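Colleague: Working from the sequences, and respecting the hints, build out all of it.
Top line first, the protein sequences correspond to chains S and Y. With my numbering, the residue at position 118 of the first sequence is 118, and numbering never jumps. With my numbering, the residue at position 41 of the second sequence is 179, and numbering never jumps.
Some clues are possibly wrong.
[Unchecked claim] To spell it out: a stretch of chain S is covered by chain Y in this simulated footprint if at least three of its residues, at any positions, have a beta carbon under 8 Å from a beta carbon of chain Y; those stretches are:
| id | segment |
| --- | --- |
| 1 | 24-34 |
| 2 | 52-61 |
| 3 | 76-88 |
[Said to hold, decoys possible] With a cut-off of at most 25 Å between alpha-carbon atoms, the simulated SDA-like pairs for lysine to any residue come out as follows:
| id | chain 1 | residue 1 | chain 2 | residue 2 |
| --- | --- | --- | --- | --- |
| 4 | Y | 172 | S | 25 |
| 5 | S | 99 | S | 70 |
| 6 | Y | 290 | S | 34 |
If you're looking for bench data, these hints aren't it; they were derived computationally from the structure. Bear in mind the structure is a predicted one, so any value in this text is a computation, not a measurement. Note that CB positions come from ideal geometry on N, CA and C, so glycine has one too.
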Amino acid sequence: MSGSPWKVGDALEERQLPAVDRMGLVRYAGASGDFNPIHVVDEAAEKTGLPGVIQHGMLTMAQMGTLLSPHLASGFIEYFQTRFAGMLFLDERLVIGGKVTAVEGDDDGETIAFDLYARTDEGRQIARGSLRFRWLGS
Amino acid sequence: MSPADRGGDQVLDELVGARSPIVRNTVERGAVRKFAQAIGDLNPLYLDEEAAARSRWGRLIAPPTFPRVFDFGSIPDLPLPPAGIIHGGQSYTYTRPLFVGEDVLCHTMFRETYERRGSAGTLRFLVFERVADDSSGERIVTSRDVLILTEKVAAGVTK
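Modeller: Here it is as structure tokens:
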């Protein structure tokens with residue numbers, strides 16, 4: 001079994017994601033089955049007092065999860081929790097990143113804990129996450 | 139608080155512990171592909187059968203938030219407002235990845251409900267636990283959803 005590449009304090013390389021436009025939200029609505037109209041129809045969002053449609057929180061969570069995607073051949077995500085802290089509007093750009101907070105080894109592998117964040121490129125907090133990756137070896 | 143509000147809260151409190159019927163779902167290859175494209179993650183382990191076959195998993199897997207797609211069943215008689223529900227938080231706990239092509243047995247349990255006073259008034263929290271088991275009954279994933287109702291929205295929750 002080869003060890004994981006992480007030690008406490010390591011940063012996951014921060015990524016700026018392309019802005020999600022309305023078609024992107026329609027696509028996520030279709031793929032996820034979440035057809036809540038506040039994510040695609042301006043009038044529905046305005047009726048609830050929003051200035052316009054907001055992006056799906058679960059899309060943000062999925063995007064945060066992509067930070068660990070390159071490692072899924074070596075293990076799996078054992079725990080992934082997100083708190084939604086702010087609303088993300090149409091065409092806003094998301095920046096995602098995180099860092100290692102704990103590494104614990106045992107006979108079968110390692111468990112690596114991460115804190116994750118998602119914010120806009122202007123610095124507004126959108127979501128915070130914590131994740132445990134179960135490393136089984138490459 | 140109006141009597142109608144109190145009625146709604148009582149109904150919610152009494153339903154804690156209620157479970158949905160079990161619903162069979164399949165982790166469909168096309169659904170995983172569309173989901174991966176929609177979240178912008180074209181990981182070969184989700185999409186490329188040959189690459190996945192060479193991996194430790196031996197088959198295609200699904201992205202960690204894919205259970206959003208499942209029908210976990212709904213809890214009978216749970217009065218939820220038609221609009222205005224805020225998704226406050228979400229977690230997934232896995233014992234292994236979901237495999238493309240497998241059948242999973244899902245259900246939802248209404249775990250707890252509580253109120254929190256904040257600057258924007260009293261918020262009502264609803265916590266749901268949604269699980270997916272394999273066909274031999276082994277747990278694969280537990281999802282925990284925290285939904286928040288504002289005072290105005292919660293006032294619409296009545297019998």
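Colleague: Each hint: holds or not?
Modeller: Here's how the hints hold up against the structure:
Counting residues of the segment 24-34 of chain S whose C-beta lies closer than 8 Å to any C-beta of chain Y gives 8; at least three are required, and the coverage claim holds. With 4 residues bearing a CB less than 8 Å from a CB of chain Y, the segment 52-61 of chain S meets the requirement of three and the coverage assertion stands. Residues of the segment 76-88 of chain S lying with their CB closer than 8 Å to a CB of chain Y number 9, which satisfies the three-residue condition for coverage. Between the alpha carbons of residue 172 (chain Y) and residue 25 (chain S) the distance comes to roughly 13 Å, so the proposed pair stays at or under 25 Å and holds.
Pair hint residue 99 (chain S) plus residue 70 (chain S) holds up; C-alpha atoms about 16 Å apart against a cutoff of 25 Å. As the CA atoms of residue 290 (chain Y) and residue 34 (chain S) are separated by approximately 23 Å, the hinted pair is consistent with the 25 Å bound.
Hint violations for this structure: none, all hints satisfied.
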